[in-house]
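Fit chain B to the given chain A structure using the hints.
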Amino acid sequence: MAGQQALPLATPAPRGDAAHRGDYLLMAQMVEGGSKVLDVGCGDGDLLQLLESRGIDGRGIELSREGVNRCVAKGLAVVQGDADTDLVNYPDDAFDYVILSQTLQATRQPRVVLENLLRIGRRAIVSFPNFGFWKMRLQLLVGGHMPRTENLPATWYDTPNIHFCTIKDFVQLCDEINVKMERAVALDLYGRPLRLNAPWWFWNMFGEQGVFLLSRAGKGR
Amino acid sequence: MVGMRSISSPAVLREERAREADRPSSQVAAFGADQPLRLDCGVDLAPFQIAYQTYGELNAERSNAILVCHALTGDQHVANEHPVTGKPGWWQTLVGPGKPLDTERYFIICSNVLGGCMGSTGPASTNPKTGKLWGLDFPVITIPDMVRAQAMLIDRLGIETLFCVAGGSMGGMQALQWTAAYPKRVFSALAVACSARHSAQNIAFHELGRQAVMADPDWRGGRYFEEGTRPHRGLGVARMAAHITYLSDAALHRKFGRRMQDRELPTFSFDADFQVESYLRYQGSSFVERFDANSYLYVTRATDYFDIAADHDGVLAQAFRGTQTRFCVVSFTSDWLYPTSESRSIVHALNASGARVSFAEIETDKGHDAFLLDTPEFVEIARAFLHSAGAVRGLVARGG
Chain A
1 MAGQQALPLA
11 TPAPRGDAAH
21 RGDYLLMAQM
31 VEGGSKVLDV
41 GCGDGDLLQL
51 LESRGIDGRG
61 IELSREGVNR
71 CVAKGLAVVQ
81 GDADTDLVNY
91 PDDAFDYVIL
101 SQTLQATRQP
111 RVVLENLLRI
121 GRRAIVSFPN
131 FGFWKMRLQL
141 LVGGHMPRTE
151 NLPATWYDTP
161 NIHFCTIKDF
171 VQLCDEINVK
181 MERAVALDLY
191 GRPLRLNAPW
201 WFWNMFGEQG
211 VFLLSRAGKG
221 R
Chain B
1 MVGMRSISSP
11 AVLREERARE
21 ADRPSSQVAA
31 FGADQPLRLD
41 CGVDLAPFQI
51 AYQTYGELNA
61 ERSNAILVCH
71 ALTGDQHVAN
81 EHPVTGKPGW
91 WQTLVGPGKP
101 LDTERYFIIC
111 SNVLGGCMGS
121 TGPASTNPKT
131 GKLWGLDFPV
141 ITIPDMVRAQ
151 AMLIDRLGIE
161 TLFCVAGGSM
171 GGMQALQWTA
181 AYPKRVFSAL
191 AVACSARHSA
201 QNIAFHELGR
211 QAVMADPDWR
221 GGRYFEEGTR
231 PHRGLGVARM
241 AAHITYLSDA
251 ALHRKFGRRM
261 QDRELPTFSF
271 DADFQVESYL
281 RYQGSSFVER
291 FDANSYLYVT
301 RATDYFDIAA
311 DHDGVLAQAF
321 RGTQTRFCVV
331 SFTSDWLYPT
341 SESRSIVHAL
351 NASGARVSFA
361 EIETDKGHDA
371 FLLDTPEFVE
381 IARAFLHSAG
391 AVRGLVARGG
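Chains as they are written, first to last, in this note's numbering: chain A, 1 to 221; chain B, 1 to 400.
Isolated chain A (complex conformation) (with noise of 0.2 Å):
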């Protein structure tokens, strides 16, 4: 098994609708109403726009500027900001909700990243491409070559993702950091979620992407 922590709750995730993305829906389902988010790595703001329709306070911080101007043009209240130099400037407990989505391989210091997100807020939102996904490991065992998919395709020498890490080793660094995951859901390649009673090594082959609530572990674990 992938870590010394027992499966987390799977619950029902939602399917993706024609405005949203499966796993925008799926995260802004784990947020509890009235809660203060903070978005890293916002990119065009989609999912801070569906949070804030749901009424929840909403910030952001975005690499790109053009990013970054798409969302303050939206009306988002989004930062320039980068998630390994920038988290260090928020205090401790600032927000309920840190969100880190698609954006953990890209960092330089995932490990350090992850550990802020749960300095700033009380619960984090991780999700990340899957490189344990069968299709990666089929291109890299019978093509030879550095995988690429329809959701990352970009070439290994201008991709901005330098961590790819699996589900089992997501799983594993949150063990390493005393990180409790609250629930985990894997989704494929479409972004629907794949069926609740799979073994991790079921989630590490299919899923495509994992999402998992965080929050801090308590003290002596």
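Hints listed in this document are in silico derivations from the structure and should not be mistaken for laboratory results.
We put the CB at the ideal spot given by N, CA and C, even for glycine.
Wrong hints could be hidden among the right ones.
[Claimed, not checked] Rough simulated footprint, nothing fancy, chain B against chain A, three-plus residues with beta-carbon under 8 Å:
| # | segment |
| --- | --- |
| 1 | 58 to 69 |
| 2 | 87 to 94 |
| 3 | 176 to 183 |
[What the hints assert, rightly or not] Counterexamples of contact, computed for chain A against chain B with all Cβ distances above 10 Å:
| # | residue |
| --- | --- |
| 4 | 43 |
| 5 | 44 |
| 6 | 108 |
| 7 | 136 |
| 8 | 143 |
| 9 | 144 |
| 10 | 150 |
| 11 | 158 |
| 12 | 218 |
The following block gives chain B in isolation, referenced to the frame of chain A:
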């Protein structure tokens, strides 16, 4: 900008400007001896007056007022023809019907800063106690003093909470000062191309300008009006130096390069051979016709003293602690006078205090001046920020 306008003779302009200092072509809020303004230097200033312009209508709830704060040498004529120069308002890219600061939706107020020379009390005004011009007898003022005077004006207008305080450069500093001094009175703040404290480089450039003014023999220790002279050369040089800091190397190169002014070959003299020289000389000479030299000393000094953090135990975030104001901070890539790093430190402090803040850096080669020019990305961001704040305030239909 480069071409010379046909304007009235300097003598006429000078008289008009002197008149503007005491009897401006604006509305005036006069504060008597019973309403002194307590200045940071310890002086109680009274009586004094604030000249201001308004645009649009204040709604019944008195909830749609926007205070626009002008920059160093700006004035209250933000969206109308200037009474002295005849030029359009200085922020008509942002203020007007259908513009981001929509005069059909909001009640826009813009006042001349304390220490200015367009009708608010300053060194060019007559001191009612002596009947003489204030000159250097005018007390040294600060940005917080300017903001206190504005707050008295806003009180006078019967407005409790401003929907927005907006400004660029020194105007942005005033907007930040408003949120720090009167957090409950500011619903949103748009602070553009500014900083929370004046840097050593900023102070250095201002000192250069002041020394240029004071080195002019016609300055006469600040008593040039009485002695019938004007330190036009000194003030002109100050403006030329300052103007360079408002632009960028790329902008100067794009506009002028090494092109010659009305000639093919160098004259081997100190005439304005280059277009850029001619442009700067024009900037200097047109400025002195509309601005008072002593006032320049006072407003530059006020910005030099500006340091919000210093008033809050050296921690900028303390200034914004618990703020409910919605902030939008904007910087420009080629602005080296108030570089993005200054805006970023404001944003870090706002984040640390849990404020709702948007921050955008706009790519442009126009330098600091970009906030005054038609920079479409900036205009759109200002529009979106005010729109979303207006929706929350109930001034704009949501989604509309």
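Hint check results:
For a cut-off of 8 Å, the count of residues in the segment 58 to 69 of chain A with a CB near a CB of chain B stands at 4, and the three-residue condition holds. Only residues whose C-beta sits within less than 8 Å of a C-beta in chain B count toward coverage, and the segment 87 to 94 of chain A has 4 of them, enough to reach three; the restraint holds. Taking a C-beta to C-beta cut-off of 8 Å, the segment 176 to 183 of chain A contributes 0 residues in contact with chain B, too few for the three needed, and the coverage statement is violated. At roughly 15 Å from the closest C-beta of chain B, the C-beta of residue 43 of chain A stays outside 10 Å, upholding its exclusion from the interface.
Non-interface call for residue 44 of chain A relative to chain B: holds, since the shortest CB-CB distance, roughly 13 Å, exceeds 10 Å. Every CB of chain B is more than 10 Å from the CB of residue 108 of chain A (nearest about 19 Å), matching its label as outside the interface. Remark: the non-interface label on residue 136 of chain A is consistent with the geometry, its nearest Cβ contact in chain B lying 36 Å away (cut-off 10 Å). Residue-level check passed: residue 143 of chain A sits 40 Å from the nearest beta carbon of chain B, beyond 10 Å.
Every beta carbon of chain B lies more than 10 Å from that of residue 144 of chain A, the smallest distance being close to 41 Å; the non-interface claim holds. In this structure residue 150 of chain A is separated from chain B by more than 10 Å, as the shortest Cβ-Cβ distance comes to about 31 Å. The claim that residue 158 of chain A lies off the interface holds: its Cβ sits roughly 22 Å from the closest Cβ of chain B, which is beyond the 10 Å cut-off. Separation of residue 218 of chain A from chain B is adequate, the least Cβ-Cβ distance of about 26 Å exceeding the 10 Å criterion.
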